[in-house]
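Since each chain comes alone in its own frame, lean on the hints to assemble the complex.
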Amino acid sequence: MSSVAHSVRQTGSGSKVEARKPRFRARTLVQLVLGLALWLALYRVIEPFAGWLTHRVLGLSEQERLGAAIAFFLYEAPKVLLLLVLVVFGVGIVRTYFTPERTRALLAGRRESVGNVLAALLGVVTPFCSCSAVPLFLGFVEVGIPLGVTLSFLISAPMVNEVALVLLFGLFGWKVAALYLGTGLVIAIVAGWVLGRLKLERWVESWVYEPIAAGAAVEDERLDFAGRVGRGVASVREVVGKVWVYVLVGIAVGAGIHGYVPEGLMAGIMGKEAWWSVPLAVIIGVPMYSNAAGIVPVVQALLGKGAALGTVLAFMMSVIGLSLPEMIILRKVLKPPLIAAFVGIVATGILIVGWLFNALL
Amino acid sequence: MKIQVLGTGCAKCKQLTANAEKAVQELGNGAIVEKVEDIREIMKFRVLSTPALVIDGQVKSIGRVLSPEAIKDLLRA
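Quick note, the sequences are listed as chains A and B, same order.
For the first sequence, my numbering begins at 22 and goes up steadily by one.
For the second sequence, my numbering begins at -11 and goes up steadily by one.
Only chain B is shown next, with the shape it has when bound in the complex (with noise of 0.2 Å):
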């Protein structure tokens, strides 16, 4: 499973990335979270506010930051 988060560097991209991971940690099932930073790689999401949260390739969330919660919720969906 690979969770990647969208975002240029931002405060909330920040957040968004340590959720994610603390989200991993607490379930344990080795998902791999990685941030795209380039505007580019960005782009090819189609989304237009950032963070964003991808899910193996699908956008899960658009300009917010989910909570480590809801984050476990969406994995385990």
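Same shape as in the complex, but just chain A (with noise of 0.2 Å):
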């Protein structure tokens, strides 16, 4: 019985609605080309702007630490915010197409093996909140996704980031953004595979497999091409809205080490050469908590002063990919055993990357 409500802009008396429906999607393409166009415009002019604030107006040389510093700052930081406007706007978008009904319904049936997959990639697009995971999980048990699948979806969900791939694309181009979408991908579907292998539905609290007396499913919701993009618009102000002040506060702190820290600092603690860095690096990232937003400036800077790319890479998949919080919301429904499980399969994946591309790159 019960229906999501039609966006607001659809209710309303019906035959009205219909009429103003082609004006609606014309004004919208507009507004969409006109945002564009805009956003590009601030985009090409960001590198001519910081490099005259710095050197003109400020009067300070790259060759000098508070130069560097600062000139650092003034172009990644609105280059960073610019990028990640576009891209949050873009992926709202794209995820009105994939609500976690329709992400469902595509995985239930799936056999294992295309079942991880399938449940990775949706894992990226489908919109996830790590307070939904007890909900999300409920309802993949309740049609019956393999255990191991579910694990796919909820170990790729939060650590495939958008926001981290936006940064990592924007501060290192496109082959790391790449390779951290590669890996997230890898990892999520041969953990979620091996947990389900280990047939470990015994340590899943009993009562998740009791049926649920409820009603008729909840219809999926319908939304019109102005509804999704009013609906990326909402997904910009509420994701930059709440990272904007991390991604400064990490690009300030890049920026420091960027002009203050000597080059090759880094490379005895965290360089290639020191095998016993990754793991060092995934058991400190393993139970802090920060979203993608802060961290990778910071990892940037570091990267830059002789850090190596998988010691690194692995930090930031076990800070945003495995978290305390989450691991104790899913306590609910996993007993000790199994999210013990979760964890040492999932960080024995990031380590396996990490130390992969310390040896490769």
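What the hints contain is simulated information worked out from the structure, not anything from laboratory work.
Be aware that a few hints might be false.
[To be verified] Here are some, though not all, of the chain A residues that point toward chain B, as calculated from beta-carbon distances under 8 Å:
#1 Pro121
#2 Glu122
#3 Arg125
#4 Pro148
#5 Cys150
#6 Ser153
#7 Val155
#8 Pro156
#9 Leu157
#10 Ile233
#11 Lys353
#12 Pro357
Just so it is clear, CB atoms sit at the ideal spot from N, CA and C, and this is done for glycine as well.
Here it is, written out as structure tokens:
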């Protein structure tokens, strides 16, 4: 019986709304194109503007420490924020097509191997907040999605994070961003598959499998084009509104390291030669909980001073992919041995990725 | 009229409850706002993400923090 309300724009007397729809669409398109043009124009002027501000207005030289740090901040901060706005907007729109309900329908009845791959991919695009992990888990179990497939989703959803992806792209280029995306997916697929093979169902709280007497499933929400764009704008407001401070602080710390920490200082501690630095990064990273926005700029600065990419990537993945709050939430449905296996296998995956990159690059 | 906010107590759920209370207060229609925090009770509504807003037993929104204005529109409809 229950149904999700249509977007506010659509409610109202039927025929009138129908007649106005094409105009809405045209107007939204025009706004979209204008918005993109403005974005592009802003993106183009950042570099000359930052240079002008540093050298002409403040009279600083790149050779000085302060100059290097300030030039770095003035260029990176607006660049990263702009990239963030664009990607969060795009992801916000894409996510209106991938509701958790639709993802569940896509995963129901899949075999384990195919299911793991699909679950990891859907984990990237489906809107997910760790506070919803429990209802999502129960909903997946309800339609018979295998435990390992569900876990693939729960690994990939937080770990492959769009904010992290943007920051990596903006600060290191597409190769590192692609490596992060690819390895994050592989970890989610393989770890989920392994956990599925281990037959750990007995470590799931038994009440999870009790049937829930309930009405019909909730219908999927219907949104028009303007409604989807509206969601994109709303997610920009929500995500960027929340993380911009972390981004600025992160870049400021990065700028400080850029200007003041001598080259190669990190090479000894976090360099390729130090094999133990990867497990250490994971051990420090797992209990830490920060959003991606705050951690990436710091990581970039470390990398610039000689830390190895694999070590840094492992650190970042364990910070955002495995977090204490999420484990506490999952404890409601999973017993401690299963949580331990979950953390252990994902951490092992991250460890292997870290070593692999240090060895290959 | 009964409004239920489904959520296990995260920040977003608290925000949605506050927004619902504000909407009711501004409309002055005397609707009751109730928080549903027990996960089994939440699952009876068959939602996959929280917070969710339920009006008179009907799920109206899932996984989003609606503004007081949007909630008012739902209450008037």
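Hint check:
Residue-level restraint check for Pro121 (chain A) holds (minimum Cβ-Cβ distance to chain B is 4 Å; threshold 8 Å). Contact between Glu122 (chain A) and chain B, as hinted, is supported at the beta carbon level, the nearest pair being about 6 Å apart and thus within 8 Å. At about 6 Å, the closest approach between the beta carbon of Arg125 (chain A) and any beta carbon in chain B falls short of 8 Å, and the interface hint on this residue holds. Interface restraint check: Pro148 (chain A) against chain B, minimum CB-CB distance 6 Å, threshold 8 Å, status holds.
This hint holds: Cys150 (chain A) has a C-beta 7 Å from the nearest C-beta of chain B, less than the 8 Å allowed. A hinted interface residue such as Ser153 (chain A) counts as satisfied when its beta carbon comes closer than 8 Å to some beta carbon of chain B; here the least separation is about 4 Å, so the hint holds. Hint status for Val155 (chain A) relative to chain B: holds, with the closest Cβ pair at about 6 Å, below 8 Å. Against a cut-off of 8 Å between C-beta atoms, the interface hint on Pro156 (chain A) holds, since the closest Cβ of chain B lies about 6 Å away.
Because the beta carbon of Leu157 (chain A) sits about 5 Å from the nearest beta carbon in chain B, less than 8 Å, this interface hint is met. Taken as an interface hint, Ile233 (chain A) checks out: its beta carbon lies about 5 Å from the nearest beta carbon of chain B, inside 8 Å. The restraint placing Lys353 (chain A) at the interface with chain B holds, with a minimum CB-CB distance near 6 Å, inside the 8 Å limit. The beta carbon of Pro357 (chain A) comes no nearer than 18 Å to any beta carbon in chain B, farther than 8 Å, and the hint placing it at the interface is violated.
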